[in-house]
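S.K.: Work out the full structure: start from the sequences and follow the hints.
2 protein chains.
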Amino acid sequence: MYVIMVYDVNVARVQKVLKTGRKYLTWVQNSVFEGELTEAQFARLQRALQKIIDPEEDSILFYLLRTTAYLERQTLGVIKNEPTQFL
Amino acid sequence: MYVIMVYDVNVARVQKVLKTGRKYLTWVQNSVFEGELTEAQFARLQRALQKIIDPEEDSILFYLLRTTAYLERQTLGVIKNEPTQFL
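From first to last, the protein sequence lines are chains Z and W. The letter at position 74 of the first sequence is residue 74 when you use my numbering, and the numbering goes up by one with no holes. The letter at position 4 of the second sequence is residue 4 when you use my numbering, and the numbering goes up by one with no holes.
Keep in mind that a hint or two might mislead.
Which copy is meant is left open, because identical chains are indistinguishable; a pair holds if it fits in one copy or across any two.
Unchecked claim - Pairs of lysine-lysine residues, derived as DSS-like cross-links and limited to a Cα-Cα distance of at most 27 Å, are as follows:
#1 K80 with K16
#2 K80 with K19
#3 K51 with K16
#4 K23 with K51
#5 K51 with K19
FYI, nobody ran anything at the bench for these hints, they're computed from the structure. If you're wondering where the values come from, they're calculated on a predicted model, not measured in any experiment.
M.R.: Below you can see the structure in the form of structure tokens.
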């Protein structure tokens, strides 16, 4: 499945979230990662993040797409990074 | 179409981007909006944002979905707001 991950975490934990995100996904923009993951990889990513974040303060959103056939990405302004998995 | 908007703009322009985002979409999390828009509404939103952002410094990402049938949202940590349009 295709995963879009958007994180909103305290600055004290941003570096750890970035490091973990990069292990599984491609950095797209400040606070956004994307990539194709298996269910098992997604479960591992979630477990790794759960160990890092403070669940009462931080928030990480995942958009899970079974197909990217109906997905289009557009950018206004600076294109900071462009994953190659779709488009 | 369903629109997910993630913005990364200089703090000097965040309030204007927030105000414009809220006119068209639902705030979901720090720097994330979502909602159902027509093509015409999306074009207006883009034009409004283009007037606000500095295209050499700011970045706004749009994920456009022709259907939310293959989309699922999951959250780790704090659920800051939950749009009602899907799930």
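S.K.: Look at each hint and say if it fits the structure.
M.R.: How the hints compare with the structure:
For the identical chains of this complex, K80 and K16 are neighbours both inside a copy (21 Å) and across copies (22 Å), given an alpha-carbon limit of 27 Å. For the homomeric pair K80 and K19, the shortest alpha-carbon distances inside one copy (18 Å) and between copies (24 Å) are both at most 27 Å. In this homomeric assembly, K51 and K16 come within 27 Å of each other (Cα to Cα) only inside a single copy, at 10 Å, whereas the closest approach across copies is 35 Å. Proximity of K23 and K51 under a CA criterion of 27 Å is satisfied intra-copy only: 15 Å inside one chain copy versus 37 Å between copies.
When the C-alpha separation of K51 and K19 is checked against a cutoff of 27 Å, the pair qualifies only within one copy, where the shortest distance is 13 Å, while the shortest distance between copies is 34 Å.
Hint compliance for this structure: no hint is broken.
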